[in-house]
Every structure is written in C-alpha cells, then in structure tokens.
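Chemist: Sequence:
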Amino acid sequence: MKKTAALLAGALLVGSMGYSSAAAAQSSPNPSPRISAAITGSVPNTALYQPVKYKFTKAVSQSAVTWKGNQLTLMALKTVANSEEVVNPEQKVLGSMNLTYGDKKFTIPFSERPVDIRSLSLSASKDYLAVSAEYSAGSKLYIVNLSTGKFVILNDVLEAKGKGFVESVSAFNWAPSGSQLAFAYGDTSESYPALYDAKTGKLTSIYSKVKYISTAAVLWHKNGKGFDFISESPSDRFKLYRYSVGGAIKAVKTIERNDMAKWLKFDSKQA
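Residue 9 is where the sequence shown starts when you use the numbering used here, and the numbers rise one by one after that.
Mixed in with the good hints, there may be bad ones.
What the hints assert, rightly or not - No more than 20 Å apart at the CA atoms, straight line, and that leaves these computed lysine to aspartate or glutamate pairs for EDC-like: (1) 158 to 195; (2) 158 to 205; (3) 171 to 195; (4) 270 to 198; (5) 158 to 111; (6) 63 to 164; (7) 210 to 135; (8) 134 to 205; (9) 217 to 198; (10) 207 to 195; (11) 66 to 124; (12) 258 to 240; (13) 261 to 244; (14) 233 to 205; (15) 86 to 98; (16) 230 to 205; (17) 207 to 164; (18) 86 to 120; (19) 158 to 135; (20) 112 to 98; (21) 207 to 135; (22) 230 to 195; (23) 247 to 198; (24) 100 to 124; (25) 169 to 135; (26) 76 to 124; (27) 113 to 135; (28) 169 to 205; (29) 86 to 124; (30) 219 to 205; (31) 247 to 195; (32) 247 to 267; (33) 66 to 142; (34) 171 to 205; (35) 210 to 164; (36) 86 to 135; (37) 76 to 111; (38) 169 to 195; (39) 134 to 164.
Hints listed in this document are in silico derivations from the structure and should not be mistaken for laboratory results.
Construct all of the structure, not just a fragment, from the sequences and the given hints.
Modeler: Written as structure tokens, this is what we have:
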C-alpha cells in the first residue's frame, strides 16, 4: 500500500459509478450521455458522481495534529515513540484523539499509537466519522459514532469476520445518504472492495474475479445505487471498476496516471 500511496502522491503533484453496466453502455449504439461520458471521457462526469460534501482542514505543529471543519475539531497530541512504533527514531507518535463536535466532547484511545491522522470523512447524516490513522506500516480506520463517542476499528471488524490480518484500509467513502461506507482493504499486494453499515454493523464482502493490487479511490454515484472504484491490476495499471449494490463488478476503463487527480477529487479522503 505504501508504494502505491507514494505513486499516487506523485500523480497528485502533477495534476466514480452509474448503476448501468459498462458492457451495456458499450454495446448500445446510442448510449446515454451520462454513461458515455463516464466511460469514454478523460474527465469524470460530474453529473454522475457524488461530490465531497464535508471538507476539513489539517494543521500540523511540533506538538499536535489537528483537523477542523463542520463544527468538528479533532486533535491528537504528539508524544515520544518507542523503538517498536517508528522506523525513524526522531519521529513522534500520537496519543489519544480529543474530539469536539458541537457541544459534545469525546476522547478516543488508539489501540496502537499512529504517526499521523491521514484523513477524515463525515457521513451524509453527520452521525458517523471515519478517521484514518497512519502507521509506519499500514493504516487503521476508526468509525466513530458522533452521538455516543463509541467507535469500532474497521480492520478489527474485518479480522473478526475471518478476513485475516488487515494491514490497511486504503480507500473509503460514505454513501450519499444513510450510514453505508464503501471501502477497500488489504495489504501491499492485495486489495478487496467491501461495504460496511455503521448503523447496523453489517459487513458486506464484494466478490470479484479480478485480483486487485491496490485501490486508490472510491466514488459513489449520486443516486446511491452503486459506486466506482479505481484499482491497480496488473501492477502500475489503474482501471475504473463499477459496482451496483447487490450486483456484480464490471471493468469500465483504464485511468491514466496523469488523469488520476481529476478522479481523486470525488474521493472524500482526498478533501
């Protein structure tokens, strides 16, 4: 995952899914403008994808990492790391998260102390917050109930469901309504798409014949009936894939590296 993240960061410096299948659009002599643009255009079709609704700003000081936005403030104080937590002995780790949301205040402990809070994503209803904690190797995704302060670590949920050790949750995005989170998880060589309902705790695995190496972004359709995701398969080649909720995954098109930033702007963790 770390190798892919570095490659994507480079793409960002120089620079998701309608519920109709790609195959249907390509076989039709006159596909609809919406589907045609999503498949053949080099620029994402803004009429199809859910834009990032809630944005946050990040500030990093010598003593803390702070995220702010939408009446929410998350602060994690830096502290001295032990030799097992970091590669660089001068690098610090973060203590517990102090979260303020409106008139509510919570302290969220880390199961393991991370080196950074990489991104935040707020659900459409503002009931749940996804917090991506970055480690020297991999990442963990915390899902926080903003009414109660209770939380789950999505990596742990997956492992409890028999998915094996989950090194990272690399991409994630909330549905346009409700409490469903589409995401991808795995390690440095494998990535798997899935759905998690923060309200019910239901985890839905999504079967695919394709073996993905990594996933760069998840992009929901505005109608909430499906999403696109950009995954690597084979190595260093990214494609846009389409999933209709309850249906099957279909490959849509190749995404060139120099076009990646145009697509990532619809991914909540990039905001």
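Chemist: Mind checking the alpha carbons of residue 158 and residue 111 for me, to see if they're no more than 20 Å apart?
Modeler: 16 Å, holds
Chemist: Can the restraint linking residue 217 and residue 198 be considered satisfied, given a maximum Cα separation of 20 Å?
Modeler: Status holds; Cα separation ~13 Å.
Chemist: When you check the alpha-carbon spacing of residue 207 and residue 135, does it fall within 20 Å?
Modeler: 9 Å, holds
Chemist: Given the hinted pair residue 207 and residue 195, is their alpha-carbon gap at most 20 Å?
Modeler: Status violated; Cα separation ~26 Å.
Chemist: Residue 113 and residue 135 were given as a pair; does the straight-line alpha-carbon distance stay at or below 20 Å?
Modeler: 14 Å, holds
Chemist: Is residue 112 close enough to residue 98, meaning Cα to Cα at most 20 Å?
Modeler: 35 Å, violated
Chemist: Taken at face value, is the distance from the CA of residue 205 to the CA of residue 171 at most 20 Å?
Modeler: Between residue 171 and residue 205 the Cα gap is close to 17 Å, so the pair holds against 20 Å.
Chemist: Quick one, are residue 169 and residue 205 close enough, alpha carbons at most 20 Å?
Modeler: 14 Å, holds
Chemist: Checking one constraint from the list: CA of residue 230 to CA of residue 205, max 20 Å. Satisfied?
Modeler: Roughly 18 Å between the alpha carbons, so the hint for residue 230 and residue 205 holds.
Chemist: Has the given pair, residue 169 with residue 195, been kept, meaning a C-alpha gap of at most 20 Å?
Modeler: The given pair, whose Cα atoms are some 17 Å apart, holds under the 20 Å limit.
Chemist: Assess, step by step, whether the Cα of residue 66 is no farther than 20 Å from the Cα of residue 142, and give holds or violated.
Modeler: Measuring from Cα to Cα gives roughly 14 Å; hence the hint holds.
Chemist: Below or equal to 20 Å on CA atoms is what counts here, so check residue 169 against residue 135.
Modeler: Violated. Residue 169 to residue 135 sits at ~24 Å, over the 20 Å cutoff.
Hint violations for this structure: numbers 1, 4, 6, 10, 20, 22, 25, 30, 36 and 39, all remaining hints satisfied.
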